[in-house]
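Reassemble the complex: the two chains are provided individually, in unrelated frames, and hints are given to aid placement.
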Amino acid sequence: MRRYLARRLLQAAGVVLFVTTLSFALIHLAPGDPIAAALSGSRVSETVRNQWRAEFGLDRPIAEQYVKWVANAARGRLGYSFSRRQPVSDVLRDALPRTLVLALPALLLSFALGITVGVLQAERPRSARDRWLGRVLLALYSVPDFWLALVALLLFSYRVRLFPPGGLTDPVLYDYMSPREQLVDRLRHLVLPVITLTLLTAASVARYQRGALLSVLPSAWMRTALAKGVSWRSAVRRHALRNALLPVITLFGLSLPAFAAGTVFIEKVFSWPGMGLVTVNAIAARDYHLVTAGVLVMSVMVVIATVLTDLAVAAADPRVRLS
Amino acid sequence: MTAPLLEIESLRTYFYTDAGVARAVDGVSLRVDAGETVGVVGESGCGKSVTALSILRLILPPGRIEAGSAIRFEDKNLLEMTEREVQRVRGNRISMVFQEPMTALNPVFTVGDQIAEVARIHAGMSKRDAAAKAVEMLKLVGIPAPEQRANEYPHQLSGGMRQRVVIAMALVMNPALVIADEPTTALDVTIQAQILELLADLTRRLGTSVLLITHDLGVVAEHCTRVIVMYAGEVVEETITTGLFSAAHHPYTEGLLGAMPRIGRHAERLATIPGTVPPPTAWPVGCRFRDRCQYAWDRCEREHPPLYQIDVAHVSRCHLAEEPERRAHPHPPLAAERGASAA
Ligand SMILES: Nc1ncnc2c1ncn2[C@@H]1O[C@H](COP(=O)(O)OP(=O)(O)OP(=O)(O)O)[C@@H](O)[C@H]1O
Ligand SMILES: [Mg+2]
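These protein sequence lines are chains P and X, in that order.
Residue 10 is where the first sequence starts when you use our numbering, and the numbers rise one by one after that.
Residue 113 is where the second sequence starts when you use our numbering, and the numbers rise one by one after that.
One chain only, chain X, in its complex shape (with noise of 0.2 Å):
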């Protein structure tokens, strides 16, 4: 087996707020292999976004990374670098595309300026030899009139093309890893397929890793190998993604799926999972998911389970792996039934 491009071991990032600690990142782990795209899923506030800015060592205080996290890229450890040389790695050998095209971008600098930038910091590029790159770039992202563009300002960009100039961005450096935090959501539904497709079919042609940040399990089975399903600042499930949706094991997989239980004696779909996410200052012990979840027992109360080997490539963080009998008695969610007596 080739060495992992991406290695993160344990990742745990806390925020010492005034609330409390917010345990964002709580012990998170995953791998990215060379040329391969990974989709990472999950509601909101389950720690993706923070688990993509601590790759990059983009976390401000009050947050903070804690020890005895790893995160190996090119066989070295990022979070044991200097400043300086996370610098270097940062927009030349992993880049970002974040979610929001419209503030992402300076409004006092021209779109050309900004991605000639990147060529200015890694390339150590001349002025002009960076103003023709940005160019370039433009017109590899299907940007007309590139030359005109390169001297506007985000502000006389469509929210669209704004996203094709954080991509052109990332891709300056022809990078090994592209970061996308949910790259579409704030786009047009018209949109968002084609920057998607933009942004799949570029990595492709350069053999660049993607790590998909999404909470659209469409996007997920169009353009992922591998999907890693998060909860409450963990990892839940990970297996690839045509098993997902064959084989998922995870009841907060499944209340994703909004599939029906596997064992057909529940008849009605699943449309939404009752309740909400616990804030992460106050994670549950045991299970983090069992208030929502339709088969808990008092197991999942006491014991916090492990990752469970599922299958060859497939883990889920439920007991059920050991006690598979209990699926067939689902029964309504405590989130549920608290929902319930409220109304």
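For reference, chain P alone in the conformation it holds in the complex (with noise of 0.2 Å):
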């Protein structure tokens, strides 16, 4: 087990900083540069821009901007966003949150509905109510994300007047709130985003669960359960679930980062700030030091997720040794 996390660890140190290295490399040589991106159209001189490109360093060669960079990171600074004017690290304190309230929630709902369809379709294959279930999640699977997430806008919060149409809370209202009504409104504002989200996910899982089950139901052991006399339900949903979860526990593993690092759809929609917008804004303003510090969390995040991945998989399945 030590030896697992000190080697995970190591492997981790080494992901971090290649994948870092990669994106620093990238967005550099990336045509433009932030100061261009941020004055676009101003008619501010060159000589003045090339002035203000000395002064952030901007001007020196990458190989010694990015020691600096790393130098800088390593002591937890991450560096200024030249596009939102203040410190990188504050960008990240607002917008992660932001991702995580919404993408938490979604990820644990997706998951644990996408499993229950799953275990409904493979506890009678083939039957109306699989093929039901089946249609149904093809749609979700198929539709475009922020397809559907305006649909929801559409129905829920202009024709029905249920849930209010994005942001995080209420622009003129909320300031005058008391804690409790605060926090209702927050939770109002995430429901329309997480329930679209959560669907849209609950599709992949399902599928997956339903097949992930389908392939164990063959097995001798299940066939020991029923002549135990097990009934057909409780051998699917104890015998075989718990060895058909094995696969979902990694896609659960895999979809982890990809939640953090924001669903660009979902809140563009949603007007919802947080990492996948934010990421994408910073792309655009060729914004360096915001996009190298949003792929550093990215790959904490997905080294994070590995570790958890390996030791939920351990836990559930007796034959896998750590090591």
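Since no wrong hints were added, every one of them can be taken at face value.
What the simulated footprint calls covered on chain P by chain X, stretch by stretch (three residues with Cβ under 8 Å from a Cβ of chain X suffice, anywhere in the stretch; the number is not a length):
| no. | stretch |
| --- | --- |
| 1 | 216-230 |
| 2 | 242-252 |
| 3 | 323-330 |
No lab work stands behind these hints, which were simulated from the structure alone.
No experiment lies behind these values; they were computed from the predicted model shown.
The C-beta atom is built at its ideal place from N, Cα and C for all residues, glycine as well.
And the structure:
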């Protein structure tokens, strides 16, 4: 166990370093720079621009800038965001929790829903129930995410005014609310984006779970369970599911960092300024430090998710030993 | 005569596959009395396992037990029970020991849990009582350090150990009948005898009847009082074990015994039976064994033989029962000739 953790940490450090280096290089090599992006259309002269470039060290060779960035990052200083005109750490401090508060409930709900639907389908393969659920899933699976988000908005915010049309809180009244009302307001703003994201993800989880279950149902130990007098239902839900959860746990681990990266379309449609929007805008603005910091956060998430997945699989499958 | 414990009457189990209807079990009748061990032998694919699974109604689609079949156990027809009622029989009054100890146990549960589950389902035991029962059962089947072993997972046990666990699981509720489907085929030769001895010893002590499926006639000789020979989804011969070895009637049984033909003119040994079992989707009309039979004549092609009474408690599905003189004229079977001309 200790050896496993040590090896994992070493690997993690390597991965993080590699990924950030790569993204640092790529964003610097992309045409344009933060000064040009920030001042596009304005009539500031080239001499002044170059002055500013020199001031921020942007005229130095990439390697030198990189070493400086790493040295700073190691001390927790992630640099300055040109496009937002604030320290990168402040940007992340706002955006990351917003993304997580949306992504974590959606992730948990989508797996709970997806696993349940997968079990209901696999319990009676090719039954009417299986086929109908399958059709619904296929529909969810194939619609573009922004489309579903828009439909959700249209139906439950404009047609029926059940939920606010987007944003984190009520733009006008929030400041005048009691703490209790503020909490309710925040939750109401969460509902539509969480549900949309949940449905989209649950569709793939359910397909995956159904397949995993169907592949273990013919196992000899299933027949043993039935021969013991276990009902079909509990044979599927207890014996088969415990085995068929293993690949789904891995899928969960893979989804975790993707969710933490933010979901650009959902964030866009619901005006939810999370990591997805921040990163996309930062790339457009050639906001070097913000992009690299975003990638850094992402790669750390990947590492955390991988370790958690390994631990979860080892806990669920007695045959797996961490080494 | 006492009522039999298990009585199967013209059991038909068909599989509706893309290749056609596989008549895997095609009119099997058999009987197991209380306390007796009955052997079922036959080549691979003759329907032994399907018969066993049918008894507990464990046939899954595309398989189906056809109407007109009856499986009476303790005076009730299992085929007329609701699914719930059958569940109360499975693992409780009738239990099974399967062939593959490597895969018959669920890899993600401890062996203790898997044994305890039986006690929890059928005796409604609490978690703790069931766990204690599991340890007791592990001790009964001769597993050393049972308290520790109960907490281990199947992959931590050897094949022989696992089969002991499966036997323990089968005996938790002290069932009236154990169906053992080639319980030792997958094991080391050295361990096979131990496991069979264990099963025989425990069932003798508990008074359990056993339906022992095997392809090993030595096992039959040692453990069974009666033996049923199956071929192509049918019973072709049934007799008391001693009778089988001294007076087998059906040519297929003779082939299995690798015996000399009983009328001593034909001196060469039949090492193996030429040819193979026909596919269950296309059983031949007439006698299903005729292509591989050294006595077959035209009648065998036309007329499907019934089970002829040969002796008390001895039946055989062969027309030789009516025309015994034909034993004097063996000839190379069709399958052997075909094999020779193909080679
Ligand atoms: N699920 C199934 N689908 C289609 N056919 C099946 C199925 N299960 C069994 N059969 C057919 O039923 C026939 C009898 O099979 P069974 O397993 O009973 O043979 P067996 O006598 O137990 O042989 P073995 O000695 O190899 O265990 C086989 O020919 C097989 O093709
Ligand atoms: Mg078999």
